[in-house]
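On the provided structure of chain A, position chain B as indicated by the hints.
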Amino acid sequence: MKATNDFVLVIRDETVSEKNGLVIPNQGKVKPHTGTIVSAGSLVKDGNIKNGKGKKVLFHQTVGFELEYEGVTYLVLTANQIISMP
Amino acid sequence: MKSVNDRIIVRVNMQQKNEMVIAGVKLKTAMKYESNHREKSPVIAEVVDGNKFIETGRIILCHHNHFYPPSPYFMYDDLFSIPANHTIFSILNTDGSLRPVYGNVFADKVPIESTLPMPPEYRKFHLNRGVITDSGWTHFKVGALVFTRPSAPYDIVYNTDGVERRVTKINSEMICAVA
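Sequences listed follow chains A and B, in order.
Read in order, the letters of the first sequence are residues 7 to 92 in my numbering.
Read in order, the letters of the second sequence are residues 1376 to 1554 in my numbering.
Wrong hints could be hidden among the right ones.
[Claimed, not checked] With a straight-line cut-off of 30 Å between C-alpha atoms, the simulated DSSO-like cross-links for lysine-lysine are:
id	chain 1	residue 1	chain 2	residue 2
1	A	K61	B	K1516
2	A	K8	A	K59
3	B	K1484	B	K1516
4	A	K37	A	K56
5	A	K37	A	K59
6	A	K8	A	K62
7	A	K56	A	K8
8	A	K8	B	K1516
9	A	K59	B	K1516
10	B	K1427	B	K1377
11	B	K1516	A	K56
12	A	K51	B	K1499
13	A	K8	B	K1499
14	B	K1484	A	K8
Keep in mind that the hints were calculated from the coordinates and are not lab data.
Same shape as in the complex, but just chain A (with noise of 0.2 Å):
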């Protein structure tokens, strides 16, 4: 997959399943804000997010929209909605 445009697709990083040795169902997940750039199109202008392959990215918690492809499942963002890379 290749983004295109000023969109950046991230991979979500995974959610903790077990808090404090309790099991916590899908349903009350919250998901994380954090995940690994995959890919950067060619339009996005900041150069840390367009260089970021494989870097961890921080982005609000309701934004973008997921897109799900041979079994892997993308957030697609703009590049103004990541907030920042730790």
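Using the frame of chain A, we list chain B on its own:
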């Protein structure tokens, strides 16, 4: 009449989709049944004054939102001055085929895979992807599988020479990834 401010002047037959022929009888479609604007509203226009990309005299296919009498693009009679941007979908060739313009591409819908073989009328399609059939002015390759924002693929219906044709259009700005 000259077009200004990156606009083009077009002539539109406002009644072009208000008639239908059933068993050889021509019928007028009542206005109250015009709920689906993609199906019923006029989208074919003749260019009266074009620009360097769209020549005068060509037939174009464009978004239906431009064409209603109190529209800001309305001039007089059946003339409209519309912006030359992505709302112009394509140029109509003489054989009835289309060539996408202004960043639009044509794509085939991708059916959702089913374990049971489904008849074509019950087949469902993905709302966020398509296989490019005509890339127009963009750099996308024909045959590439592209992913879009949800529901970005746009079905348009048009009539030429009494034949109803359908095409799925995607604006290239809505394409977020290529497989």
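Now for the hints, and whether the structure bears them out:
no. : hint                 : result
1   : A:K61 with B:K1516   : holds (29 Å)
2   : A:K8 with A:K59      : holds (11 Å)
3   : B:K1484 with B:K1516 : holds (16 Å)
4   : A:K37 with A:K56     : holds (24 Å)
5   : A:K37 with A:K59     : holds (21 Å)
6   : A:K8 with A:K62      : holds (18 Å)
7   : A:K56 with A:K8      : holds (12 Å)
8   : A:K8 with B:K1516    : holds (13 Å)
9   : A:K59 with B:K1516   : holds (24 Å)
10  : B:K1427 with B:K1377 : holds (13 Å)
11  : B:K1516 with A:K56   : holds (23 Å)
12  : A:K51 with B:K1499   : violated (37 Å)
13  : A:K8 with B:K1499    : holds (26 Å)
14  : B:K1484 with A:K8    : holds (20 Å)
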